[in-house]
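Peer 1: Each chain, written out:
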Amino acid sequence: MLNAGADPRPPYRSYHEWYAAQDPANLIAKSRDAENIFRRTGITFNVYGHEDQSEKLIPFDIIPRIISGREWRKLAQGIEQRVIALNAFLDDIYHKQEIIKAGRIPRALIEKNPAFLPEMIGMRPPGGVYTHIVGTDIVRTGEDQFYVLEDNARTPSGVSYMLENRETMMQMFPELFYANKVRPVEDYPFQLRQSLQELAPPGCKGKPRVAVLTPGIYNSAYYEHSFLADQMGVELVEGSDLRVIDGKVCMRTTLGYQAIDVLYRRVDDDYLDPLTFRPDSALGIPGIMDVYRAGNITIANAPGTGISDDKAIYSYMPEIVEFYTGRKAILENVPTWRCSEEDSLKYVLEHIDELVVKEVHGSGGYGMLVGPTATKKERLEFAEKLKAKPANYIAQPTLSLSTVPILVKNGVAPRHVDLRPYVLVSKTVKIIPGGLTRVALKEGSLVVNSSQGGGTKDTWVLED
Amino acid sequence: MLGRTANGLYWMFRYIERAENIARLIDAGLRMALTRSGATDGDWDGVLQSAGMQQAFLEEYEAVTDSDAIDFMLRSRNNSSSVLSCVEAARNNARMVRTALTRETWEATNEFWIDLKQLLARKVRPQDMPGVIETIKRRAGLIRGAFHGTMLRNEIYNFSRIGTFIERADNTSRILDVKYYVLLPSVSHVGSSLDNIQWESILRSVSAHRAYGWVYDAVYNSANIADFLILNGQMPRSLHYCYDKIVSNLSYLEREYKQRLDAHDTAEATLRLLEKGSIKDVMDQGLHEFLEDFIGHNNRLGMQISEGYRFY
Numbered sequence: 001m002l003n004a005g006a007d008p009r010p011p012y013r014s015y016h017e018w019y020a021a022q023d024p025a026n027l028i029a030k031s032r033d034a035e036n037i038f039r040r041t042g043i044t045f046n047v048y049g050h051e052d053q054s055e056k057l058i059p060f061d062i063i064p065r066i067i068s069g070r071e072w073r074k075l076a077q078g079i080e081q082r083v084i085a086l087n088a089f090l091d092d093i094y095h096k097q098e099i100i101k102a103g104r105i106p107r108a109l110i111e112k113n114p115a116f117l118p119e120m121i122g123m124r125p126p127g128g129v130y131t132h133i134v135g136t137d138i139v140r141t142g143e144d145q146f147y148v149l150e151d152n153a154r155t156p157s158g159v160s161y162m163l164e165n166r167e168t169m170m171q172m173f174p175e176l177f178y179a180n181k182v183r184p185v186e187d188y189p190f191q192l193r194q195s196l197q198e199l200a201p202p203g204c205k206g207k208p209r210v211a212v213l214t215p216g217i218y219n220s221a222y223y224e225h226s227f228l229a230d231q232m233g234v235e236l237v238e239g240s241d242l243r244v245i246d247g248k249v250c251m252r253t254t255l256g257y258q259a260i261d262v263l264y265r266r267v268d269d270d271y272l273d274p275l276t277f278r279p280d281s282a283l284g285i286p287g288i289m290d291v292y293r294a295g296n297i298t299i300a301n302a303p304g305t306g307i308s309d310d311k312a313i314y315s316y317m318p319e320i321v322e323f324y325t326g327r328k329a330i331l332e333n334v335p336t337w338r339c340s341e342e343d344s345l346k347y348v349l350e351h352i353d354e355l356v357v358k359e360v361h362g363s364g365g366y367g368m369l370v371g372p373t374a375t376k377k378e379r380l381e382f383a384e385k386l387k388a389k390p391a392n393y394i395a396q397p398t399l400s401l402s403t404v405p406i407l408v409k410n411g412v413a414p415r416h417v418d419l420r421p422y423v424l425v426s427k428t429v430k431i432i433p434g435g436l437t438r439v440a441l442k443e444g445s446l447v448v449n450s451s452q453g454g455g456t457k458d459t460w461v462l463e464d
Numbered sequence: 001m002l003g004r005t006a007n008g009l010y011w012m013f014r015y016i017e018r019a020e021n022i023a024r025l026i027d028a029g030l031r032m033a034l035t036r037s038g039a040t041d042g043d044w045d046g047v048l049q050s051a052g053m054q055q056a057f058l059e060e061y062e063a064v065t066d067s068d069a070i071d072f073m074l075r076s077r078n079n080s081s082s083v084l085s086c087v088e089a090a091r092n093n094a095r096m097v098r099t100a101l102t103r104e105t106w107e108a109t110n111e112f113w114i115d116l117k118q119l120l121a122r123k124v125r126p127q128d129m130p131g132v133i134e135t136i137k138r139r140a141g142l143i144r145g146a147f148h149g150t151m152l153r154n155e156i157y158n159f160s161r162i163g164t165f166i167e168r169a170d171n172t173s174r175i176l177d178v179k180y181y182v183l184l185p186s187v188s189h190v191g192s193s194l195d196n197i198q199w200e201s202i203l204r205s206v207s208a209h210r211a212y213g214w215v216y217d218a219v220y221n222s223a224n225i226a227d228f229l230i231l232n233g234q235m236p237r238s239l240h241y242c243y244d245k246i247v248s249n250l251s252y253l254e255r256e257y258k259q260r261l262d263a264h265d266t267a268e269a270t271l272r273l274l275e276k277g278s279i280k281d282v283m284d285q286g287l288h289e290f291l292e293d294f295i296g297h298n299n300r301l302g303m304q305i306s307e308g309y310r311f312y
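Residue numbers (the working numbering), protein chains in the order written: chain D, 1 to 464; chain E, 1 to 312.
To be clear, the hints were calculated from the coordinates, so they are not data collected in a lab.
Hints may contain errors.
Unchecked claim - In silico DMTMM-like links for lysine to aspartate or glutamate, alpha-carbon gap of 20 Å or less:
(1) K56(D) / D68(E)
(2) K56(D) / D66(E)
(3) K56(D) / E111(E)
(4) K117(E) / E35(D)
(5) K123(E) / D195(E)
(6) K328(D) / E98(D)
(7) K117(E) / E55(D)
(8) K430(D) / E384(D)
(9) K385(D) / D343(D)
(10) K56(D) / E107(E)
(11) K430(D) / D137(D)
Claimed, not checked - Which bits of chain E does chain D cover? Going by a derived footprint, with three or more residues having C-beta under 8 Å, they are:
(12) 103 to 111
(13) 120 to 132
Keep in mind the model is a prediction, meaning the values are calculated, not measured.
A virtual CB, placed ideally from N, CA and C, is assigned to each residue, including glycine.
Bound conformation, chain D alone:
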């Protein structure tokens, strides 16, 4: 919030003035109110393996993270460029594979990748869009220095928190929204439904019927699935509700089976169709891939998009962006060592105490080593894993992430954050002005994942 001279940075000026006039005890009380709102509404996520407290709240910090309009414009341009490149990349690797032929990406990295689906080769989804919904993770290290941390082109989650955080802030501090011109995020569900409908299969007549596919109430993101279905005004379905009838995917209603045109699925590729992928999946719909290939349903995001948020592919994103857009990437990648390459592996092993080492296919902050904060024993153990399967890992420097203030017992204190703006792709690319700010609540920590004790904040993009 403050710059080096202890003055508020420009976007925070008005907020800072308000904050200075607040009674700290009152803010702490408001903070508890917010928690109650979340608990009552049931905005929870499930943690696997906790018998008793299987539903948890994500801690919410009431101090907003504020981004100026100027900062946002740069980010938005960079994200748009990246998302266009991602879709072009996916189309290419499942068709002509020009990027491989041009020698920019090793063939093995694509074709041996478990996220690459041979079933998608030669298949073009309706409208040519593979990733309908993207949540790009961005960190900031300096006034004008942003890095993309991950692309999350598979099934980015967390958008319900973006919406509920804003809702809660408007309920608790309406006066702040008079004093600050904050760009709205509330129409996300409406825009999502519109963009999903826009990409209905070409043969679909009348208004396309959309449904959200969830693994069920025990899934960690179930709240979000039901929230989005509710806000969009579409059915929330499970695999057991669906069946393929006469070449269409249909849902079992009280009046019989009705066809679905667009399925926003929150079920992983592997589980989508037991006839094509994992035969033991009870979450999917037998035969849906045949319907898909016949062009009778839109699946968002398309199966096989996961390959583009693989961490090994990530390291090639600057090349990918340039290859498909003809321009240098506006947003930078974090420098990344691919441990599959001998020189890099050597470097990583020598500098393991300075680096963050991540599993290529991992997510959620699991299976990673944060060198500077790990114990010697942890580092040694990790080095062994690394040597055993180098291609499974990448390494990145620990960035000096920017901090934002959070409310603590004695006022405010700085904590590291990242930012996940949400992008909708249909015939156009729409970026919602805002996003999910995740914050590492432990002092000094760099891990923002909710499964690892991270919290969230409302994110304001100012109109300027």
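Assemble chain E onto chain D, guided by the hints.
Peer 2: Same frame as chain D, now just chain E:
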């Protein structure tokens, strides 16, 4: 609407209804213990029977004591019909059908569960029992209020109501069936204090001991009590009233869906019987036989509904 959603609504409301009924039975049991010097554990045996939990209880405990019986009915995780299990099941169903509920209805259900989990985290002390029962009844009332005040009168409403009344009819008929011998004219000694207490406890377990006085007489009479709980169309827990509601909600669905199912015939036939029958007919047939028949029909109706509307 999805068949699974209809199923979720139906069961959500069945479980809420059941939770409330179990709490009421405990209340009646407590009351009985208070109004008699030296209450016996045999009273609780009767309460467990009315709740349909006697067998499950005896699988876990060797003998019936008041404190074990209450704990089993209130908070046992091994008892799928304990108040805590019911509210948890209701809430899980509510989560599943979250998109069909108004925010108010969902929040009232979620808060019930949050409160109850805390309230029943450990065994309830006798002095806290009235407060706990009160909270359960009040919380269930809040869900009902939110539901009636905010939900559209559409298919969602119909399936929820059908669940409520199938469960209620089942509960009322079971309470009567367990105590049917108390109501038989041949065995009852009119006016004896034992009978009065037994009869009052039946009325109390359906929250009807005051209403009875308004409708009938200050004096308990077995035929009147049976009439009240089976045939009286104004008494909201009577079988007649339950079927009135079931039939009217099924008729809405029939009109809305332009589709008539076996369930419609079954429900209407039962309603006709309850409308036209007299308590003398019921007693002549044999109260126990009548109730056994009724419970069977009520179950069959539940199955016809879940098949006809593709719950699974």
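Peer 1: Any of the earlier hints contradicted here, and which numbers?
Peer 2: 1, 2, 5, 8 and 13
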